[in-house]
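Engineer: Keeping the supplied structure of chain A fixed, place chain B upon it in accordance with the hints.
Heads up: the sequence lines are chains A and B, in that order. Counted from 1, the first sequence has number 51 at position 51 by the working numbering; the numbering is strictly sequential. Counted from 1, the second sequence has number 174 at position 174 by the working numbering; the numbering is strictly sequential.
No false leads were slipped in.
Just so you know, same-sequence chains aren't split out, so a pair can sit in one copy or run between any two.
Straight-line C-alpha distance at most 27 angstroms; calculated DSSO-like pairs for lysine-lysine:
1) Lys323 with Lys368
2) Lys368 with Lys16
3) Lys11 with Lys126
4) Lys227 with Lys307
5) Lys42 with Lys183
6) Lys323 with Lys307
Hints are computed from structural coordinates only; laboratory data are not their basis.
Protein chains: 2
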Amino acid sequence: MRNFTYFNPVKIVFGKGSIASLSRLLPGNTKLMIIYGGGSIKKNGVYDQVTQALSGREWVEFSGIESNPEYETCKKALEMVKSENVDFLLAIGGGSVIDATKFIAAASMAGDEDTWKIMTGEYRIKAALPFGTILTLPGTGSEMNNGSVISRRATKEKLPFMNNRVFPQFSILDPETTYSLPKIQIANGIADAYVHVVEQYLTYPEHAPLQDRQSEGILLTLMEEAKKILKSPRDYDARANIMWCAANALNGLVACGVAQDWTTHMIGHELTAHFGLDHAQSLTIMLPALLRHQKENKEAKLIQYAKRIFRIDGEDKTALTDKAIDDTETFFKSLGLKTRLSECGITLKDTAFIPEKMCRAGFKFGEKGRIGIKELEEILDLAK
Amino acid sequence: MRNFTYFNPVKIVFGKGSIASLSRLLPGNTKLMIIYGGGSIKKNGVYDQVTQALSGREWVEFSGIESNPEYETCKKALEMVKSENVDFLLAIGGGSVIDATKFIAAASMAGDEDTWKIMTGEYRIKAALPFGTILTLPGTGSEMNNGSVISRRATKEKLPFMNNRVFPQFSILDPETTYSLPKIQIANGIADAYVHVVEQYLTYPEHAPLQDRQSEGILLTLMEEAKKILKSPRDYDARANIMWCAANALNGLVACGVAQDWTTHMIGHELTAHFGLDHAQSLTIMLPALLRHQKENKEAKLIQYAKRIFRIDGEDKTALTDKAIDDTETFFKSLGLKTRLSECGITLKDTAFIPEKMCRAGFKFGEKGRIGIKELEEILDLAK
Chain A
1 MRNFTYFNPV KIVFGKGSIA SLSRLLPGNT KLMIIYGGGS IKKNGVYDQV
51 TQALSGREWV EFSGIESNPE YETCKKALEM VKSENVDFLL AIGGGSVIDA
101 TKFIAAASMA GDEDTWKIMT GEYRIKAALP FGTILTLPGT GSEMNNGSVI
151 SRRATKEKLP FMNNRVFPQF SILDPETTYS LPKIQIANGI ADAYVHVVEQ
201 YLTYPEHAPL QDRQSEGILL TLMEEAKKIL KSPRDYDARA NIMWCAANAL
251 NGLVACGVAQ DWTTHMIGHE LTAHFGLDHA QSLTIMLPAL LRHQKENKEA
301 KLIQYAKRIF RIDGEDKTAL TDKAIDDTET FFKSLGLKTR LSECGITLKD
351 TAFIPEKMCR AGFKFGEKGR IGIKELEEIL DLAK
Chain B
1 MRNFTYFNPV KIVFGKGSIA SLSRLLPGNT KLMIIYGGGS IKKNGVYDQV
51 TQALSGREWV EFSGIESNPE YETCKKALEM VKSENVDFLL AIGGGSVIDA
101 TKFIAAASMA GDEDTWKIMT GEYRIKAALP FGTILTLPGT GSEMNNGSVI
151 SRRATKEKLP FMNNRVFPQF SILDPETTYS LPKIQIANGI ADAYVHVVEQ
201 YLTYPEHAPL QDRQSEGILL TLMEEAKKIL KSPRDYDARA NIMWCAANAL
251 NGLVACGVAQ DWTTHMIGHE LTAHFGLDHA QSLTIMLPAL LRHQKENKEA
301 KLIQYAKRIF RIDGEDKTAL TDKAIDDTET FFKSLGLKTR LSECGITLKD
351 TAFIPEKMCR AGFKFGEKGR IGIKELEEIL DLAK
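Bound conformation, chain A alone (with noise of 0.2 angstroms):
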């Protein structure tokens, strides 16, 4: 196992009802403000519970925070952190709206800085406003984690950063606030949580049993789970699981002490930030072709992928790496959801600068640092 560190100290208040739980977790005497997104949180009654929630504080609202959210609409959310002397902030929403307030936590205690040097890494956090988060989409895991992903529209950059200044405070996940959700965000929060656990997972040995048990389990749970909640919508205890899993699958645990691949992500960025597509569908298509691609280097956890999730037989090892991949883009099918680029409407020709432009700078891809160029294409040729 590899030496590591892990530090999570999210309080998760996880249930049915936990939304009114909201008034005791803020801090006394704070100027709140409430951020969401486009507001289904008016039509499926988060909102008011909020409010109810918070009554007696002082807070204001921003909305509009958009699907991979962008970086000029933080801006307009920092400008009214500075005018109304906010000092705590509230997401409500899925990824996007937690990723964006993290942003915004951080970016409303840089001073003078240039907030977009955040994002690029030149400028280094030292500080951010304190903020809590309520789950009502599943997928990202960012209620119980330190990373944000956002998107320059200008630019067409999407860009990560992490810090652990920008762990919330809490996060309150109501598998109830999920219930009004369209079928499609269900699908896409299964995948992106079942992928990030494969990009922690699928690498190679690194003799930390564990972790792969850990990993396991929430892949068989997403799967098992996932087939419960296309049929019974209102199955409270597949949201609950659906929920708890995509928290577990980037809350930093399955990541101790093993090696990462996350190559997946950083093509599906680019896809996102230049064709508008949706996150998790842009690792539906990208992941079965990396797997592809690297099935020799990944055959040993490959196989037992294959024996674990699958539950595939043989000693075949080619058999059992192709089947368990083909398995993988079988279940993405099973949400709804697109494997191909072509299904997109996105030909080869229209990805071909993307390798050079992850590569920048010599960088290189994958747990071994063994994907450069060359194999970006080859990875987007089998994802055609």
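Structural biologist: Quick look at chain B alone, frame taken from chain A:
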């Protein structure tokens, strides 16, 4: 799934050589007190590594914390905290040293209170000195939770307390510090961690498949790695995996949203307080007896345990549950641990006072509160 709150802010620094990170983990400008046990850390090099990392800092030391740490010893440490104006504690050892340090941390801030009231719950902890830990004996999980168990030999009491103010700020887990442990201490630690998981897992189904798999992952890994460590004591990965399993066994994660049954630990505490049994041995004696007594109440989970942990096939429910319990006892024996009271020279007559003592004030045990005086008598009989 039940509603739950999960919060665990302990920073874990894991791996070989990690004691060197102590200097950056400690806050600057503190008066430190290191707390340890019988002095084994002076023989295995840990004390030297620590004092090297503390170079340039002001610190004092308190040694002599015993197994099942004693209230009177903690009070002596408390006097030193006050006389030396200590403001940060560093526990170096196993669960006993860490538990003692948690008590000392809380008692230091309790003013003129009778500090035993921390244990009885009559005094509510309002603050605690900050502290870190260096774990040298995995098992109790105290390095990654907010619980502590303190004994008072004068009154033959052994009581637990839990409070969020006694989470360690950090815990350093270097598997190499465990190489010098006697075999019995390794075995005890494995058994303790195993029983912790079972007590959060073997109740009744709560539709929490991820938590089940996280539990099963720990149980399977503990069994596999126990075999390796007994055969090859210098197997670093086996040491590391057992150390990480023990932390995960009682850090709150597998308890999320599920029923629990701590009867085994509560009877075990009485056996240790009155007859001086090793904590782990009290558990390996009581768990099989508890499971045999409760096999109808726990049937559904016992069958899952039989199939997933011991790979027992078949449809006969009684055969599955009986075999799973027998296999559990066999596992404990394979570690060289006792599983019957008679092996420790304890008779049923000796333990006759326990059921009534445990059930004072009408308290009942078990995940459904179905275990009272009569049932405890029967369980002790099954353990004879």
